[in-house]
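Chemist: Now for the letters of each chain:
2 protein chains.
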Amino acid sequence: MGGDHGPEVTIPASLDCLKNNPDLKLILVGDEVVIRQQMAQELAAYQDRITIQHASQCVGMDESPAKALKNKKDSSMRVAINMVRDGRADACVSAGNTGALMATARFVLKMMPGIDRPAIISTLPSIYGHTHVLDLGANVDCSAEHLFQFAVMGNELVKAVEAIEIPKVGLLNIGEEDMKGNEQVKSAAKLLENSSLNYIGYVEGNSLNAGHIKVDLIVTDGFVGNVALKSIEGAAKMIGTTLKQAFDKNYLTKLAGLLAYPVLKSFKQRIDPRLYNGASFLGLRGLVIKSHGGADVLAFKTAIELAICEVNKDVIRKISEQVEKTLALREIA
Amino acid sequence: MGGDHGPEVTIPASLDCLKNNPDLKLILVGDEVVIRQQMAQELAAYQDRITIQHASQCVGMDESPAKALKNKKDSSMRVAINMVRDGRADACVSAGNTGALMATARFVLKMMPGIDRPAIISTLPSIYGHTHVLDLGANVDCSAEHLFQFAVMGNELVKAVEAIEIPKVGLLNIGEEDMKGNEQVKSAAKLLENSSLNYIGYVEGNSLNAGHIKVDLIVTDGFVGNVALKSIEGAAKMIGTTLKQAFDKNYLTKLAGLLAYPVLKSFKQRIDPRLYNGASFLGLRGLVIKSHGGADVLAFKTAIELAICEVNKDVIRKISEQVEKTLALREIA
Numbered sequence: 215m216g217g218d219h220g221p222e223v224t225i226p227a228s229l230d231c232l233k234n235n236p237d238l239k240l241i242l243v244g245d246e247v248v249i250r251q252q253m254a255q256e257l258a259a260y261q262d263r264i265t266i267q268h269a270s271q272c273v274g275m276d277e278s279p280a281k282a283l284k285n286k287k288d289s290s291m292r293v294a295i296n297m298v299r300d301g302r303a304d305a306c307v308s309a310g311n312t313g314a315l316m317a318t319a320r321f322v323l324k325m326m327p328g329i330d331r332p333a334i335i336s337t338l339p340s341i342y343g344h345t346h347v348l349d350l351g352a353n354v355d356c357s358a359e360h361l362f363q364f365a366v367m368g369n370e371l372v373k374a375v376e377a378i379e380i381p382k383v384g385l386l387n388i389g390e391e392d393m394k395g396n397e398q399v400k401s402a403a404k405l406l407e408n409s410s411l412n413y414i415g416y417v418e419g420n421s422l423n424a425g426h427i428k429v430d431l432i433v434t435d436g437f438v439g440n441v442a443l444k445s446i447e448g449a450a451k452m453i454g455t456t457l458k459q460a461f462d463k464n465y466l467t468k469l470a471g472l473l474a475y476p477v478l479k480s481f482k483q484r485i486d487p488r489l490y491n492g493a494s495f496l497g498l499r500g501l502v503i504k505s506h507g508g509a510d511v512l513a514f515k516t517a518i519e520l521a522i523c524e525v526n527k528d529v530i531r532k533i534s535e536q537v538e539k540t541l542a543l544r545e546i547a
Numbered sequence: 215m216g217g218d219h220g221p222e223v224t225i226p227a228s229l230d231c232l233k234n235n236p237d238l239k240l241i242l243v244g245d246e247v248v249i250r251q252q253m254a255q256e257l258a259a260y261q262d263r264i265t266i267q268h269a270s271q272c273v274g275m276d277e278s279p280a281k282a283l284k285n286k287k288d289s290s291m292r293v294a295i296n297m298v299r300d301g302r303a304d305a306c307v308s309a310g311n312t313g314a315l316m317a318t319a320r321f322v323l324k325m326m327p328g329i330d331r332p333a334i335i336s337t338l339p340s341i342y343g344h345t346h347v348l349d350l351g352a353n354v355d356c357s358a359e360h361l362f363q364f365a366v367m368g369n370e371l372v373k374a375v376e377a378i379e380i381p382k383v384g385l386l387n388i389g390e391e392d393m394k395g396n397e398q399v400k401s402a403a404k405l406l407e408n409s410s411l412n413y414i415g416y417v418e419g420n421s422l423n424a425g426h427i428k429v430d431l432i433v434t435d436g437f438v439g440n441v442a443l444k445s446i447e448g449a450a451k452m453i454g455t456t457l458k459q460a461f462d463k464n465y466l467t468k469l470a471g472l473l474a475y476p477v478l479k480s481f482k483q484r485i486d487p488r489l490y491n492g493a494s495f496l497g498l499r500g501l502v503i504k505s506h507g508g509a510d511v512l513a514f515k516t517a518i519e520l521a522i523c524e525v526n527k528d529v530i531r532k533i534s535e536q537v538e539k540t541l542a543l544r545e546i547a
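Respectively, the protein sequence lines represent chains B and P. Numbering-wise, the numbering used here puts 329 at position 115 of the first sequence, and it's gapless, one number per residue. Numbering-wise, the numbering used here puts 342 at position 128 of the second sequence, and it's gapless, one number per residue.
A hint or two may mislead.
To be verified - Where chain P lies over chain B, by a calculated footprint (3+ residues, C-beta under 8 Å):
1. 335 to 347
2. 468 to 482
3. 522 to 532
Stated by the list, open to error - The calculated EDC-like cross-link candidates involving lysine to aspartate or glutamate, where the alpha carbons are at most 16 Å apart (straight line), are:
4. P:527 x P:397
5. B:479 x P:462
6. P:394 x B:277
7. P:400 x B:407
8. B:394 x P:277
9. B:382 x B:355
10. P:451 x B:447
11. P:394 x B:447
12. B:400 x B:447
Hints in this document: simulated from the structure, not taken from any laboratory. Heads up, the beta-carbon is just placed ideally off N, CA and C, and yes, glycines get one too.
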């Protein structure tokens, strides 16, 4: 039900995913009447692979997480997360209110033992392929220990979904030299140096999209990560707008744009943010994927595909086992 | 002498600026022999507007600021900043080691009364024109009071150089709602709300280049500001690389690129980072401008032009007076 467009986007995206993934079963959680209206014809075609789970409430995009948690016990996101807790669903995908989704997921699913705080991880396109980054906004203040826990979890996710045996892990900082950074970052660097992770050192903001070496996972606190992510979104928007304006200037530039259209189209597809939609909440005892609120059908489909991938790769179990191992090693040390 | 290219870049840029600014006088600080070699012919043409000030040392790009301060008392940056302190120069422009330049400037020029810490301010292109941002890396941890002081200084700079009477000031955060952010940001928001500045509230990272409204000045701490700036650089590099790859793919796309060349060129010029080169150190009793270390002639020229502009607009005096006024108002309150 959530996101800026609700079932108009989520249902066509769901149907597309069912078409592309023959083993997929979807439970659509929300207002049953609305859902049935939106997919009257397709329901029959996929009747053995679609279940509708009615939920009478819906969390508003601007609603406070605390209020949603208290007053919306039959919201679509709450019911969906309950189903993950009860083992009736392998993952929950939502385009709804991020704060409320996180608060609900944390309340219902509980934290993984050994992890203090959940973190949000997502993928950005880079000149080397792509880069995973966390935390993207769940935690405004992070200790060195939190950053270390994020690294352990993110590392396991990257190993699983990318099939990279030893991911390169970097810590986001304002310079690559040892003396750079604040106390949390410097202490986190020490924890990472002494860990079994392939820690490559400090990386700067440009490493998210185009550093001088490939980095698989970049760790930072939620304030910095969120600002970096949105700064990149803004830069891409500005560059896209400027490019469009240059081609729209007069009839000659428009003609050039027409001739260059296939090239510009393939360029746009390569960095299309909709193909990078979907952020995973890590550190919980269950899988919750957050889609961008403004997602269209293609973008929401990407978020569902991400959930399918993480379920198939058994990401939550792998993270949980690795966290347990890391804790055991510490107790020995 | 500083930067990745030294006098090969700084001297041609200086000569260009002398050509374009008939009232400009430049003092070239560094190794006199090297400088004379680099500009043997032009020296005569500009002899009444060029002075060479010999400095026997040069701070390395990776040298620690503390060591540079202690051991390089006759470095080109130190001598240049001494000249600003002594009133023999109106501003110092350097492409050298940022940390050393900041430490030297702070040691030699001293802080403005009422300002606790210096901040680095620069300009980014935006869909509305451009945005000024500070701090870009001088301070890794900032209190609300520091952020407030940055806002007061930046506001005065924007008023002076942009001739905007009432700049719109935003505070960088991870959401626009009141509840968002860390404690420093929330407290800084209160200080700004109660000030005479035109504080418009929290803005997100995308506002640096392409927010939903125009913001003239964005205030943040140096860690977040630096990461945001470099994230934008990385995004621009990735997008540029991807665009180039798309046009380089085969002979048809290359032909399209040839036809679209004038458009692509005008697009590139519009967002050319060299035209935004130059960051001012604010909060000191004198003007120091930092150029990107990798600046080429055009970029270094932009940094010199920025210094000329800020000198002509009397930015340091205006900031100093405004800070004094703000302090007086606080004492009354």
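Chemist: Take the segment 468 to 482 of chain B, compare each residue's beta carbon with every beta carbon of chain P, and decide whether three or more fall closer than 8 Å.
Modeler: It holds, with 9 qualifying residues against the three required.
Chemist: Has the given pair, residue 400 of chain P with residue 407 of chain B, been kept, meaning a C-alpha gap of at most 16 Å?
Modeler: 34 Å, violated
Chemist: For the pair supplied as a hint, residue 394 of chain B and residue 277 of chain P, confirm whether the alpha-carbon distance does not exceed 16 Å.
Modeler: 13 Å, holds
Chemist: Quick one, are residue 400 of chain B and residue 447 of chain B close enough, alpha carbons at most 16 Å?
Modeler: 28 Å, violated
Chemist: Would the hint linking residue 451 of chain P and residue 447 of chain B be met if the CA-CA limit is 16 Å?
Modeler: Holds - the C-alpha atoms of residue 447 of chain B and residue 451 of chain P are around 14 Å apart, at most 16 Å.
Chemist: For the pair supplied as a hint, residue 479 of chain B and residue 462 of chain P, is the alpha-carbon distance within the 16 Å limit?
Modeler: 14 Å, holds
Chemist: Please work out if residue 382 of chain B and residue 355 of chain B have their alpha carbons no farther apart than 16 Å.
Modeler: The hint is violated at about 24 Å.
Chemist: Compare the distance between the alpha carbons of residue 394 of chain P and residue 277 of chain B with 16 Å, and conclude whether the hinted pair is satisfied.
Modeler: Roughly 13 Å between the alpha carbons, so the hint for residue 394 of chain P and residue 277 of chain B holds.
Chemist: Is it true that the CA of residue 527 of chain P sits at most 16 Å from the CA of residue 397 of chain P?
Modeler: Given pair residue 527 of chain P, residue 397 of chain P is violated - Cα atoms ~36 Å apart, limit 16 Å.
Chemist: With a C-beta cutoff of 8 Å, work out whether three or more residues of the segment 522 to 532 of chain B approach chain P closely enough for the coverage to hold.
Modeler: Coverage by chain P is violated here, the residue count being 0 at a Cβ distance below 8 Å.
Chemist: According to a criterion of three or more residues whose C-beta lies within less than 8 Å of a C-beta of chain P, is the segment 335 to 347 of chain B covered?
Modeler: holds (count 3)
Chemist: For the pair supplied as a hint, residue 394 of chain P and residue 447 of chain B, is the alpha-carbon distance within the 16 Å limit?
Modeler: This hinted pair is violated, its Cα atoms lying about 19 Å apart.
In terms of the numbered hints stated before, the structure departs from hints 3, 4, 7, 9, 11 and 12, listed from lowest to highest.
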